[in-house]
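For the sequence shown, the working numbering gives the first residue as 386, with consecutive numbering after it.
Careful: at least some of the hints might be erroneous.
To be verified - Result set (EDC-like, lysine to aspartate or glutamate): computed pairs, CA atoms no more than 16 Å apart in a straight line:
no. : residue 1 : residue 2
1   : Lys785    : Asp416
2   : Lys401    : Asp453
3   : Lys534    : Glu423
4   : Lys460    : Glu411
5   : Lys388    : Asp453
6   : Lys791    : Glu423
7   : Lys753    : Glu423
8   : Lys785    : Glu430
9   : Lys661    : Glu423
10  : Lys661    : Asp604
11  : Lys624    : Asp604
12  : Lys742    : Asp763
13  : Lys535    : Asp404
14  : Lys388    : Glu411
15  : Lys786    : Glu423
16  : Lys723    : Asp763
17  : Lys460    : Glu409
18  : Lys831    : Glu694
19  : Lys415    : Asp399
20  : Lys786    : Asp416
21  : Lys497    : Asp448
22  : Lys786    : Asp404
23  : Lys782    : Asp394
24  : Lys723    : Asp860
25  : Lys619    : Asp604
26  : Lys724    : Asp860
27  : Lys791    : Glu398
28  : Lys619    : Asp448
29  : Lys534    : Glu409
30  : Lys497    : Glu620
31  : Lys707    : Asp771
Bear in mind the hints are in silico, worked out from the structure with no lab data behind them.
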Amino acid sequence: MNKNIILPDIGNEDMKVTDILVKEGEFITKDQSIIIVESDKTSMEIPTNYSGIIQKILVSVGDIVHTDSLILTIKDNNTKNTTHKIQEENINKIFSQNILVPDIGTKSMVVKQILVQKNSTINKNQSLIIIYNDNHTIEIASLYAGYVKKINIKINDIIHTNDIIIVLSINTINNNITNNQTSFIKTNNIIKTNTLYNQEQYFNATPIIRKMAREFKIDLSEVKGSGNKNRITKEDILKFSTQKTDINNVSELHANINNYKQYGNIEKIYLNHIQKITSVNLTNNWKNIPHVTQHIEVDITQLEKFRVEKNKEFQNTNSNVKLTLLSFIIKICAYALKKYPYFNSSLLDKETLIIKKYYNIGIAINTKQGLMVPVIFDVLNKSIIDIAQEIILLSQKAQKKQLIPKNMQGGCFTISNLGGIRSNFFTPIINAPEVAILGISQSIIKPVWDSQKFIPKLMLPLSLSYDHRVINGVDGIIFLNYICNLIHDIRNILMYN
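Please model the entire structure based on the sequences and the hints provided.
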């Protein structure tokens with residue numbers, strides 16, 4: 386019996402398939418990851434909810450998918466013997482096949498774009514690369530379906546007829562081998578480069594790219610597309626935005642890698658998708674928002690004593706609850722946002738401010754993929770225990786690449802917690818369209834004068850950055866002092882709704 390595997394609920398946002406982790410004919414088990422999808426804010430692995438043999442993979446790298454998109458079909462197998470027999474039969478019929486550059490004439494051409502990824506599955510007639518010379522851009526497609534074992538070329542390589550493009554692992558069942566040809570030129574995709582690129586008013590972009598351009602305030606008519614038929618890609622938007630914000634407008638001396646090599650060995654590391662998006666967002670936020678940051682220290686001696694006592698109680702009752710300082714501060718910030726609504730706002734335009742009547746707080750989490758900011762919703766109506774448990778859940782999801790777009794949307798205010806690392810004040814960058822962010826540094830015991838003697842107190846450094854277009858300095862320090870008063874004596878929370 387065949388079963389359809391669909392994309393689970395990832396919210397309303399479209400996502401891009403960046404990797405396919407399985408291949409047709411492979412046996413997969415329940416909860417095994419099958420594809421990786423990315424949006425502008427997150428990267429996540431999608432698992433299967435069934436075990437069985439993959440009959441057909443229905444998505445390709447680069448496809449745009451959404452909730453309920455069909456990913457693949459599998460044949461449900463109830464017995465191990467049947468599974469092993471089918472796997473063995475498939476393995477016996479699989480071999481390697483070099484996919485070569487077809488006859489492109491005597492001239493060499495340059496690799497402009499690689500359309501497949503290593504360890505992905507491709508279909509027959511699927512495009513592999515785009516190559517070009519001074520006059521034409523040509524798309525090369527494979528005559529075979531299979532699993533990409535190796536990619537032998539890279540962007541800007543010079544290639545000729547019969548050069549190896551990729552090495553496929555192919556199954557004779559899925560490929561009708563009739564001659565020695567392995568690839569072909571898609572004649573309908575031969576483009577006269579000069580003609581196309583002179584059409585300055587023409588641009589081609591998908592809805593998700595148009596949305597991205599709107600968010601970055603980019604006029605698409607100013608962007609030169611690098612995709613097929615001048616299509617504007619996400620990379621084009623990122624590159625244009627980076628140039629626009631002057632982040633990479635360094636001198637030619639600094640931009641030349643050879644000027645670093647002459648002093649010794651170096652390593653070149655490419656930013657991943659999340660890091661590139663974060664870089665652009667932070668640069669735009671820093672450049673476009675007039676930041677003011679105010680710093681203060683708050684006495685958390687009593688709060689820390691209370692927190693430790695409560696955790697001991699939970700431990701004695703075999704409870705899985707573990708309260709952190711962050712869980713208290715998240716709750717406290719929700720009270721502060723309610724009391725001072727300008728901190729819970731967003732600028733709609735130069736003349737309009739939106740005041741939010743809900744209290745959702747984002748927490749910055751550092752992962753191997755980069756910085757992610759999942760959101761805890763409806764904080765005002767949740768207990769500190771609920772918040773503590775949700776922090777753990779969101780942190781685990783972030784590390785396992787299981788956050789979906791709706792986990793990171795709808796935030797009103799962000800907290801960046803560096804308390805686990807030795808630090809003392811910093812300037813957190815506002816997470817637009819929010820207007821403020823709170824930074825937490827590591828607590829330290831300091832002598833505090835009580836009018837008669839110095840007493841050791843556990844002091845916590847806080848840093849509040851806010852948008853000076855919305856919030857003035859006096860309001861900023863009032864807001865920060867209100868947070869400090871609640872932190873200093875958590876009983877003050879009982880005084881407010």
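Against the structure, the hints:
1. A hinted pair counts as satisfied when its Cα atoms are at most 16 Å apart, and Lys785 with Asp416 qualifies at roughly 13 Å.
2. Proposed proximity of Lys401 and Asp453 is supported: the alpha carbons are some 14 Å apart, at most 16 Å.
3. Only pairs whose Cα atoms come within 16 Å are accepted, and Lys534 paired with Glu423 is rejected, the gap being roughly 23 Å.
4. For the hint linking Lys460 to Glu411, the alpha-carbon distance of about 10 Å falls within 16 Å, and the restraint holds.
5. Restraint check for Lys388 and Asp453: satisfied, since their Cα atoms lie roughly 14 Å apart, inside the 16 Å limit.
6. With a C-alpha separation of about 13 Å, the suggested pairing of Lys791 with Glu423 holds against the 16 Å cut-off.
7. Proposed proximity of Lys753 and Glu423 is supported: the alpha carbons are some 15 Å apart, at most 16 Å.
8. Using a Cα cut-off of 16 Å, the hinted pair Lys785 and Glu430 holds, with the two alpha carbons roughly 8 Å apart.
9. Between Lys661 and Glu423 the alpha-carbon distance is near 12 Å, which keeps this suggested pair within the 16 Å criterion.
10. A distance of roughly 20 Å separates the Cα atoms of Lys661 and Asp604; the hinted pair therefore is violated under the 16 Å criterion.
11. Using a Cα cut-off of 16 Å, the hinted pair Lys624 and Asp604 holds, with the two alpha carbons roughly 13 Å apart.
12. Of the supplied pair hints, the one linking Lys742 and Asp763 holds, its CA atoms being roughly 10 Å apart against a limit of 16 Å.
13. The hinted pair formed by Lys535 and Asp404 meets the criterion: a straight-line CA distance of about 15 Å does not exceed 16 Å.
14. Among the hinted pairs, Lys388 with Glu411 is consistent with the structure: their alpha-carbon atoms are about 15 Å apart, no more than 16 Å.
15. Restraint check for Lys786 and Glu423: satisfied, since their Cα atoms lie roughly 10 Å apart, inside the 16 Å limit.
16. For the given pair, Lys723 sits about 12 Å from Asp763 by alpha-carbon distance, which is consistent with the 16 Å threshold.
17. A threshold of 16 Å between alpha carbons decides the hint, and for Lys460 with Glu409 the separation of about 11 Å falls inside it, so the pair holds.
18. Annotation: proposed proximity of Lys831 to Glu694 is violated, straight-line Cα distance about 22 Å (limit 16 Å).
19. For the given pair, Lys415 sits about 25 Å from Asp399 by alpha-carbon distance, which is inconsistent with the 16 Å threshold.
20. Using a Cα cut-off of 16 Å, the hinted pair Lys786 and Asp416 holds, with the two alpha carbons roughly 14 Å apart.
21. For the given pair, Lys497 sits about 20 Å from Asp448 by alpha-carbon distance, which is inconsistent with the 16 Å threshold.
22. About 13 Å separates the Cα atoms of Lys786 and Asp404, which keeps this hinted pair within 16 Å; it holds.
23. With a CA separation close to 15 Å, the supplied pair Lys782 and Asp394 stays within the 16 Å bound.
24. The suggested pairing of Lys723 with Asp860 holds, with an alpha-carbon distance near 14 Å, which does not exceed 16 Å.
25. Between Lys619 and Asp604 the alpha-carbon distance is near 14 Å, which keeps this suggested pair within the 16 Å criterion.
26. Only pairs whose Cα atoms come within 16 Å are accepted, and Lys724 paired with Asp860 is accepted, the gap being roughly 12 Å.
27. Straight-line distance between C-alpha atoms of Lys791 and Glu398 comes to about 8 Å, which keeps the hinted pair within the 16 Å bound.
28. Straight-line distance between C-alpha atoms of Lys619 and Asp448 comes to about 13 Å, which keeps the hinted pair within the 16 Å bound.
29. The straight-line distance between the Cα atoms of Lys534 and Glu409 is roughly 14 Å, inside the 16 Å bound, and the hint therefore holds.
30. The hinted pair formed by Lys497 and Glu620 meets the criterion: a straight-line CA distance of about 14 Å does not exceed 16 Å.
31. Annotation: proposed proximity of Lys707 to Asp771 holds, straight-line Cα distance about 10 Å (limit 16 Å).
Hints 3, 10, 18, 19 and 21 from the list above are not met by this structure, while the remaining hints are.
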